[in-house]
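Trainee: Residues per chain are reported as follows:
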Amino acid sequence: MTGPQHDGGSGTGKDPKPLQGNGTSASASKQSAGRTANSENGRPTASGLPWAPGTIAPMTAEGMMAMRGKRRSIFLGRILPYLPYIIQSGLAVSVLLLLILFSAWYTSILQNMPPGLPIQWILSILIFPLAAWSSFRTYLQSADTVFLLPLETQMKAYFAPAWRAGVIGKLLLIWVVLLVAWPIYIRVLPDDHANLWASLLLLLGLKLLFAYGAWQEHRMVSSRQADVYRLLRWVLAAASVFAWFWLPLFWSVIAIVVMAALYALVLHFPPKHRVPWERLIAVEKAQAGRAMRMLGWFVDVPTQDPRVYRRRLLSGVGRSIPWKPEEAYRFLLTRSFIRGDMLGMAARLAVVGFVLLLLARESWLGVALLLLFTFMIGMQLNGLRRTHVDSLWLGLYPIPEDSRVRAGLHLMIRVLLIASAFMWLPFLLTLPSDPLLAVGALVAAWVLGFLLHNSAGRKWRKLEGEDD
Amino acid sequence: MSEQAILKVGRLTGGYSVNKPVLHDVDFEVAPGEMVGLIGLNGAGKSTTMKHILGLMSPREGEVRIGGSLLKDDPGSYRASLAFVPESPVLYEELTVREHLEFTARAYGVDHAVFEERAERLLKLFYMKDKEHSLSSHLSKGMKQKVMIMCAFIARPPLYVIDEPFLGLDPLGIRDLLEYMVEVNREGASILLSSHILSTIENYCNRFVILHKGRIIVQGTLEDIRTAANMPGASLEDMFDRLVRAEGAGGIQ
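Protein sequence lines, in the order shown, are assigned to chains A and B. The letter at position 387 of the first sequence is residue 387 when you use the numbering used here, and the numbering goes up by one with no holes. The letter at position 187 of the second sequence is residue 187 when you use the numbering used here, and the numbering goes up by one with no holes.
Simulated from the structure, these hints should not be mistaken for laboratory data. For each residue, glycine too, the CB sits at the ideal point set by N, CA and C. Mixed in with the good hints there might be a few duds.
Quick list of in silico lysine-lysine cross-link-like pairs, DSS-like style, CA-CA up to 27 Å [what the hints assert, rightly or not]: (1) B:131 <-> A:324; (2) A:170 <-> A:156; (3) A:324 <-> B:20; (4) B:72 <-> B:8; (5) B:20 <-> B:144; (6) A:272 <-> A:285; (7) B:124 <-> B:141; (8) B:213 <-> B:8; (9) B:141 <-> B:131; (10) B:141 <-> A:285; (11) A:272 <-> A:156; (12) A:324 <-> B:141; (13) A:462 <-> B:129; (14) B:213 <-> A:324; (15) A:324 <-> B:72; (16) A:170 <-> A:272; (17) B:144 <-> A:285.
Counterexamples of contact, computed for chain A against chain B with all Cβ distances above 12 Å [stated by the list, open to error]: (18) 86; (19) 182; (20) 195; (21) 252; (22) 257; (23) 283; (24) 396; (25) 398; (26) 406; (27) 430; (28) 455; (29) 463.
Let's have the full structure, built from the sequences with the hints guiding it.
Mentor: And the structure:
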């Protein structure tokens, strides 16, 4: 049994050949055969593997790397189609705007350096998290504990590209940050020892060291030990960066070298797995989920694993829903809502809105902000339409067909009214001095809430019709 | 029997693709208070038959009636007459065990007080009382299967469609499930059950439907099957072995 059988439909075993040796000529000819097959049908699922379709391929280092590469392209294939929508959603314009603003600010600060700028602090605080931060995309899947486990001793080849990609990307980022901050740094401290090339070199060293450390953390048998080592990594990253920018050259070099040596030494002590399958699979799942959720901020993406939060305080919500089949789905949706991501998003917006309105409650700007935040929460709640859209039980249980839309809209208007009333609370302070503004704000927010609800109702019913 | 059959699968032909039906002319009935075992090899068409009964797939030819009506005639009563236990548990991650039971009871219109009583009994019977308030994502596979079973029994419809219920259940769970099935059976409910544990269901089912490659090769009581297989006094497992192998060789000689 070899790895690629389960991977994306290649090697379906229709024409199984015996395991080949590790001869390079054999793999090379397979590679060309695979490429030909790929160019013929042009499908990504059959591409990228250095063996012909239907072959039980030799798991050479080359094959392992190719498999990771293929999994990576499958993942990118899931993400990339959404990019145009994200750009359309205004992200591109916002980023461009931020870049222009930043450039203007950067030029002005270089021209008029504010005296006493704590650049050592700023630079250290900017750099050290980037030095400590390490993550790896392995694209491992649950099935790998069955299919790749027998190849455990050869997994180095599979992980090498993950490791490289994890280090290089973050190294470039940390270098860019340093390079951008450097002109400011040398203007504030023209006589400092910290030379640019030495700093770049140091960051390369730290990045490699902490990436190695992070990988060892994954391998540790005890997750508690791994947590301790993670903390150690962050503390050492901070200590090294601060030492570099604060201590005299000699002492900083000594301190960093000693810390690095000690760190590398203590990393050897905890017992480790050769390949930490379960942890890597969990981490991979979380990372893929995070990527999809980030896409979800801009476009409607199928979320595979909704995060569930217990939220015991809210466990009573939904108990009072009438006990009848027409309202059964409302019960399910309410429970899902209070334990899901959407409540968190709405609550965060409501709290930010509340704080902003404490500051802006005395003018018409306050009303505008209240409406803006009500609108943003309404946009988030549009996601209620997609909740449980593919549920088996909703198809089988004897509940009315329009349950989903009805319950979704019902919950949406309730949350909108409660959230806008909560954000409006700061206007109570304005009530005695300007009752018209205070009362008008609440009325306006509630009217907007109903408008959003009605528009969602029309849109949802239309979309449900199309789905059918 | 056909006037009173709770489930009637009539000359059903269907499958995933229009041109390659998985089921051919499948025809059987389940009478009230009857437990019928649907048996066959992997890929024989048991789950596909069940999907047609559930309305998840539409027949290419033939029909499925529950309580005399088709799904499209009266979806509400069709659905309310039926509870399903799938082969692998399908649960809502954000609901607790008790909330699953509650959602099902609400959907099937079970009275609140009756729900409390049934839930209490089922939770105790399946040793799930201490897991009552656990989120489903924190349960083991067998516990998830128990939640599915409890959901079906909380509804108490006239027909249960149960697909491989013993997978992942502990020995006590299997025994309790069988006893509970006998109990609802006695109260008049019907059960269509698919399982590979033939030695177990042999003693519980009134009749058997043996599917092979999408066709019924034989159906009837244990005695009927013994006659068909020409194996007096044989066990269901031995007869199944003979019948299915013989089917490959062109029938019983």
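Trainee: Hints first: check each against the structure and report whether it holds.
Mentor: Tested hints:
Pair hint residue 131 (chain B) plus residue 324 (chain A) holds up; C-alpha atoms about 26 Å apart against a cutoff of 27 Å. Note on residue 170 (chain A) and residue 156 (chain A): the hinted pairing holds, with a Cα-Cα distance of about 21 Å set against a maximum of 27 Å. For the given pair, residue 324 (chain A) sits about 42 Å from residue 20 (chain B) by alpha-carbon distance, which is inconsistent with the 27 Å threshold. Between residue 72 (chain B) and residue 8 (chain B) the CA atoms are separated by roughly 15 Å; this keeps the pair inside 27 Å, and the hint holds.
For the proposed pair residue 20 (chain B) and residue 144 (chain B), the alpha carbon gap of about 34 Å is over 27 Å, so the pair is violated. Restraint check for residue 272 (chain A) and residue 285 (chain A): the C-alpha separation of about 21 Å stays at or below 27 Å, so the hint holds. For the given pair, residue 124 (chain B) sits about 18 Å from residue 141 (chain B) by alpha-carbon distance, which is consistent with the 27 Å threshold. Of the supplied pair hints, the one linking residue 213 (chain B) and residue 8 (chain B) holds, its CA atoms being roughly 21 Å apart against a limit of 27 Å.
For the hint linking residue 141 (chain B) to residue 131 (chain B), the alpha-carbon distance of about 13 Å falls within 27 Å, and the restraint holds. The suggested pairing of residue 141 (chain B) with residue 285 (chain A) holds, with an alpha-carbon distance near 20 Å, which does not exceed 27 Å. Between the alpha carbons of residue 272 (chain A) and residue 156 (chain A) the distance comes to roughly 15 Å, so the proposed pair stays at or under 27 Å and holds. Our distance criterion of 27 Å between C-alpha atoms is broken by residue 324 (chain A) and residue 141 (chain B), whose separation comes to about 30 Å.
Pair hint residue 462 (chain A) plus residue 129 (chain B) does not hold up; C-alpha atoms about 44 Å apart against a cutoff of 27 Å. Of the pairs offered as hints, the one joining residue 213 (chain B) and residue 324 (chain A) is violated, with about 43 Å between alpha carbons and a cut-off of 27 Å exceeded. Between residue 324 (chain A) and residue 72 (chain B) the CA atoms are separated by roughly 23 Å; this keeps the pair inside 27 Å, and the hint holds. Among the hinted pairs, residue 170 (chain A) with residue 272 (chain A) is consistent with the structure: their alpha-carbon atoms are about 25 Å apart, no more than 27 Å.
The suggested pairing of residue 144 (chain B) with residue 285 (chain A) holds, with an alpha-carbon distance near 22 Å, which does not exceed 27 Å. Its beta-carbon lying about 27 Å from the closest one in chain B, residue 86 (chain A) satisfies the requirement of being farther than 12 Å from that chain. Residue placement check: residue 182 (chain A) keeps its beta carbon more than 12 Å from all beta carbons of chain B (closest about 48 Å). Every beta carbon of chain B lies more than 12 Å from that of residue 195 (chain A), the smallest distance being close to 53 Å; the non-interface claim holds.
Non-interface call for residue 252 (chain A) relative to chain B: holds, since the shortest CB-CB distance, roughly 49 Å, exceeds 12 Å. Even its closest Cβ contact with chain B, about 47 Å, leaves residue 257 (chain A) beyond 12 Å, as expected for a residue assigned away from the interface. For residue 283 (chain A), the shortest C-beta to C-beta distance to chain B comes to about 18 Å, beyond the 12 Å cut-off, and the non-interface label holds. Annotated as non-interface, residue 396 (chain A) brings its C-beta within 12 Å of a C-beta of chain B; the closest such distance is 6 Å.
Separation of residue 398 (chain A) from chain B is inadequate, the least Cβ-Cβ distance of about 4 Å not exceeding the 12 Å criterion. For residue 406 (chain A), the shortest C-beta to C-beta distance to chain B comes to about 14 Å, beyond the 12 Å cut-off, and the non-interface label holds. The claim that residue 430 (chain A) is not at the interface with chain B holds, since no C-beta of that chain comes within 12 Å of its own (minimum 39 Å). Distance to chain B confirms residue 455 (chain A) as a non-interface residue, since its nearest Cβ pair spans about 27 Å, more than 12 Å.
The non-interface label for residue 463 (chain A) is consistent with chain B: the shortest C-beta to C-beta separation is roughly 21 Å, beyond 12 Å.
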